[in-house]
Amino acid sequence: MKKQQRLWIGGLAVILFLALWEAAMPLGWVKVADVSRPTLVAKAFVELTRTGDIFRHLFVSLQEFFIGFALSVVVGVPLGVVLGRYRYPFLLLDPLLMALYSTPRVAMMPLLVVAFGVGYGATVAVVFLGAVFPILVNTAVGVREIDRIYIRAVHSFGGTERDIFTKVLLPGAVPPIITGIRLGVGRGILGMVVGEMYAATEGIGQQISLYGNAFAVPELIALILVVSLLGFLFVSLIRLVEDRLRYRRMETEA
Amino acid sequence: MHIEFKQVTVAFPQPDGGSLIAVENFDLQVDKGEFVTIVGPSGCGKSTMLLVADGLLRPTQGQVFFENKLVTAPGPDRALVFQEFALLPWRTVEGNVMLGLELQRKHTPSQMRELVEHFVQLVGLRGFERHFPHQLSGGMRQRVGLARALAVNPAVLLMDEPFAALDAQTREIMSEELLRIWEEDKKTVLFVTHGIEEAVYLADRIVVMSSQPGQVKEVIRVGLPRPRSLAIKDDPEFVHLRRHIWNLLMKEVRWQVDGRGKNP
Numbered sequence: 001m002k003k004q005q006r007l008w009i010g011g012l013a014v015i016l017f018l019a020l021w022e023a024a025m026p027l028g029w030v031k032v033a034d035v036s037r038p039t040l041v042a043k044a045f046v047e048l049t050r051t052g053d054i055f056r057h058l059f060v061s062l063q064e065f066f067i068g069f070a071l072s073v074v075v076g077v078p079l080g081v082v083l084g085r086y087r088y089p090f091l092l093l094d095p096l097l098m099a100l101y102s103t104p105r106v107a108m109m110p111l112l113v114v115a116f117g118v119g120y121g122a123t124v125a126v127v128f129l130g131a132v133f134p135i136l137v138n139t140a141v142g143v144r145e146i147d148r149i150y151i152r153a154v155h156s157f158g159g160t161e162r163d164i165f166t167k168v169l170l171p172g173a174v175p176p177i178i179t180g181i182r183l184g185v186g187r188g189i190l191g192m193v194v195g196e197m198y199a200a201t202e203g204i205g206q207q208i209s210l211y212g213n214a215f216a217v218p219e220l221i222a223l224i225l226v227v228s229l230l231g232f233l234f235v236s237l238i239r240l241v242e243d244r245l246r247y248r249r250m251e252t253e254a
Numbered sequence: 001m002h003i004e005f006k007q008v009t010v011a012f013p014q015p016d017g018g019s020l021i022a023v024e025n026f027d028l029q030v031d032k033g034e035f036v037t038i039v040g041p042s043g044c045g046k047s048t049m050l051l052v053a054d055g056l057l058r059p060t061q062g063q064v065f066f067e068n069k070l071v072t073a074p075g076p077d078r079a080l081v082f083q084e085f086a087l088l089p090w091r092t093v094e095g096n097v098m099l100g101l102e103l104q105r106k107h108t109p110s111q112m113r114e115l116v117e118h119f120v121q122l123v124g125l126r127g128f129e130r131h132f133p134h135q136l137s138g139g140m141r142q143r144v145g146l147a148r149a150l151a152v153n154p155a156v157l158l159m160d161e162p163f164a165a166l167d168a169q170t171r172e173i174m175s176e177e178l179l180r181i182w183e184e185d186k187k188t189v190l191f192v193t194h195g196i197e198e199a200v201y202l203a204d205r206i207v208v209m210s211s212q213p214g215q216v217k218e219v220i221r222v223g224l225p226r227p228r229s230l231a232i233k234d235d236p237e238f239v240h241l242r243r244h245i246w247n248l249l250m251k252e253v254r255w256q257v258d259g260r261g262k263n264p
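Protein chains in written order, with the working numbering: chain A, 1 to 254; chain B, 1 to 264.
Next comes chain B alone, as it looks inside the complex (with noise of 0.2 Å):
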């Protein structure tokens, strides 16, 4: 077992005194180079899960551990794409894709001029390496904070919704992309996400969340064969995967829009 959240429940204090739970007894287990994918409606804590999980939140009850080791920092061995990107607006490609390398103070500078541009090259951003974050579009940007975390070649991927801020488009390309650079070497990869096409497409297992408090309300194991192209999304299993997860979501969702709070 690579990583396991065991009975992880998160409050976050509220200004009133009270606290808001936003996810409760949450339990996963996930194997070394398993692409899990958590999905599920917004605010059921699937972010804070991640942030858990890389050592930058603690949990307010239960443990996550790392290798049997529990967590209680961040460390180089898990590495974490943000939403935003969180590019340094400062720095080149070059520069970005370094950071972590620079952090983790393990390579001579030269091994990190050569690391920097394998990773450069892995996610096709030959010829932009001198670039300023400014001059990249969406996609390109994920593709900065992609390389800069696979640079300092972590264990486990945790990714934060690292496509939202993308076009529809572009966000079919890079989950391909993704795929493509994860058949290489299977990391271990937690993927956060809202879109249920993206979960199934890309997981191994799927978690899917409800919401106030968070909390798991199915895993579903996904055999499609892999490689998979995007095409696959016209396989009757697909079809019927997202369908369920669909379906599972909905009341959700419903309940969110309504506005009636509370699941019964």
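Bound conformation, chain A alone (with noise of 0.2 Å):
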């Protein structure tokens, strides 16, 4: 299907969905107190652009995503790539990564409250074990399957193990690792908000709070969207990246 159908169709999709949303309130199919209705969602967010206010969060919520994130992939990213090469650093971490992987991050909130306090640490933390996982494993993995032959090649020419990792296993898992970080993505905004939510002066997820607790249902919506819109826009950018990458380099049979 070409890409403007498909833009095309999604789009009418969302159209559709806005028209009902607006009309379920007249028509009576819902009390306006719980869904609002898009006019009153666009004004609230107007009014929020407006102070200034929401950015000034936004700011907060994307420091504490950036750092988590990035110490997420400087971690992840080397970890993952030992892990999928090395067999004794796997069996000596996988039980404990897999064990901290399947534990709810929601449910470690309150222990990183404790640990890193109200606030900034604790949002960060939290953006990092969200991040870190999709990252490690989707680097590791890929680094395993990276085809021996090319080690092999590399060892033939007198290659070290320092080049194995520089000239094969890095760039023969950057699809992977881009899969990864792309996932990663997504997770680290869930504890962004997450983590602001339950304990947070500031940020878009405590205001998301904030506004939930005085049933400010326009706010909410709009901040809301701010987050999803967020999210959209960062997953977006890196599947275009990942497009470009399956287009240059598809690999090689005999």
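Please keep in mind that the hints were generated in silico from the structure rather than gathered at the bench. It should be emphasised that the depicted structure is a prediction, and the values quoted were computed from it without experimental measurement. Think of the CB as a built atom: it goes at the ideal place given N, C-alpha and C, for glycine as much as any other residue. One or more of the hints may lead you astray.
Quick list of the computed label-pair ranges, beta carbon to beta carbon [what the hints assert, rightly or not]:
#1 A/Val75 x B/Arg58: 33 to 41 Å
#2 B/Arg58 x A/Val114: 49 to 57 Å
#3 B/Arg58 x A/Leu100: 39 to 47 Å
#4 B/Arg130 x A/Thr201: 38 to 46 Å
#5 B/Asp167 x A/Leu62: 51 to 59 Å
#6 B/Arg130 x A/Leu93: 21 to 29 Å
Simulated coverage check for chain B against chain A, where a stretch passes if three residues somewhere in it have a Cβ under 8 Å from a Cβ of chain A [what the hints assert, rightly or not]:
#7 64-77
#8 97-105
Two chains, two separate frames, one set of hints: put the complex together.
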């Protein structure tokens, strides 16, 4: 299917949804207090941006997100490469990492607050914990699945273990690493919102919590949309990079 | 003497605790500038001997000497050409030819670029420098593999069934090309193949191997004049050699096909 056609059909669904939503209240299907209306949400959004408040919170949130996310890339990629390449570190760390991986991050929130304090630290930590695993796991699997023949080729030219990392394992695992990063972005944003909702004095998540508790539905929905737009934007950007790479380097068999 | 195999035996451990002898007491001396082909049925351990000569595999018993020095690890003086090409799919033709040079750490970047350009042209890939392996045919990919090996200016070229993955016509053309390139500076070549014609056409000497365990069955000197064109395949001497090797291997292959196991 053509890209344009896909956009058009998808766009139609969005417009239809907004129209139904707008009409739902006057038609008496729902109470406006529960779900608001697109026009009210838009008005709330304009109001939030006019005071500039939302930008301050967005800035805090993005800062927490990027610090936590950068940390998860810095830790996840090298650790993933090592776990994908060497047997014993993998056997050693696998049970621990899997246990940590399968623990819901939300359940760890109180612990993180105790450890890092309310606000910044705890949120950065939960973003990190959310994003690091998909990055780590995808990197490790990507490295493990690289054809050994490439490693043998580098060896045969007298290459060192270091050469194998820089010339085969890292470049060879770029597509799965980027896939891991894309999945990590989603988890990171989730972590950011959850962290701020649980324990923070500022940030988008904290604002969501605040307006939610005040039953200020239009503002609440506006904020939720900001978060979802943010995630959509990041993921789309990474998708773009992914597609470029896929086009450039299709694997060759014999 | 350029390469010397002394009583080389390679055994691989098996899951049941025993070991499988791939090659037994392999003896061979290769002179500088000599083109030696090793031909044998599948499973005779001929590729194993190349890995041993390269230093990627340590023999269970015996030694390999290169220029009178014991081979213990791969070195840039011996370059391997793989049956599966082993080109890095994320690198262009240029990038792949560059690989060996980068690992050698001997040249400046501008020297490396010049060498890459030279060898890309030598193997007839001019105009394809920016192509990725998946955009090339099998024959072109192996040209890249050959250029990559030649670029490091090795003393010895180790070729592991390099044309086995190619179709028959491409294979013929590639072997003719290989001889053309080899005639330029006559490197020592160890060329493993299961193609009898290919083995005769290329070689100064042919090592015929038997299987299970792999042993040298016969070493045959090829007296055909050089340079050789593909037309030499109609020469009576060529036909005779081909038939002779076929007879040697036929028994081997029969044994394998009939599943009667070990040679008597």
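Results for each hint:
| no. | hint | verdict |
| --- | --- | --- |
| 1 | A/Val75 x B/Arg58: 33 to 41 Å | 37 Å, holds |
| 2 | B/Arg58 x A/Val114: 49 to 57 Å | 55 Å, holds |
| 3 | B/Arg58 x A/Leu100: 39 to 47 Å | 41 Å, holds |
| 4 | B/Arg130 x A/Thr201: 38 to 46 Å | 55 Å, violated |
| 5 | B/Asp167 x A/Leu62: 51 to 59 Å | 57 Å, holds |
| 6 | B/Arg130 x A/Leu93: 21 to 29 Å | 41 Å, violated |
| 7 | 64-77 | holds (count 4) |
| 8 | 97-105 | holds (count 5) |
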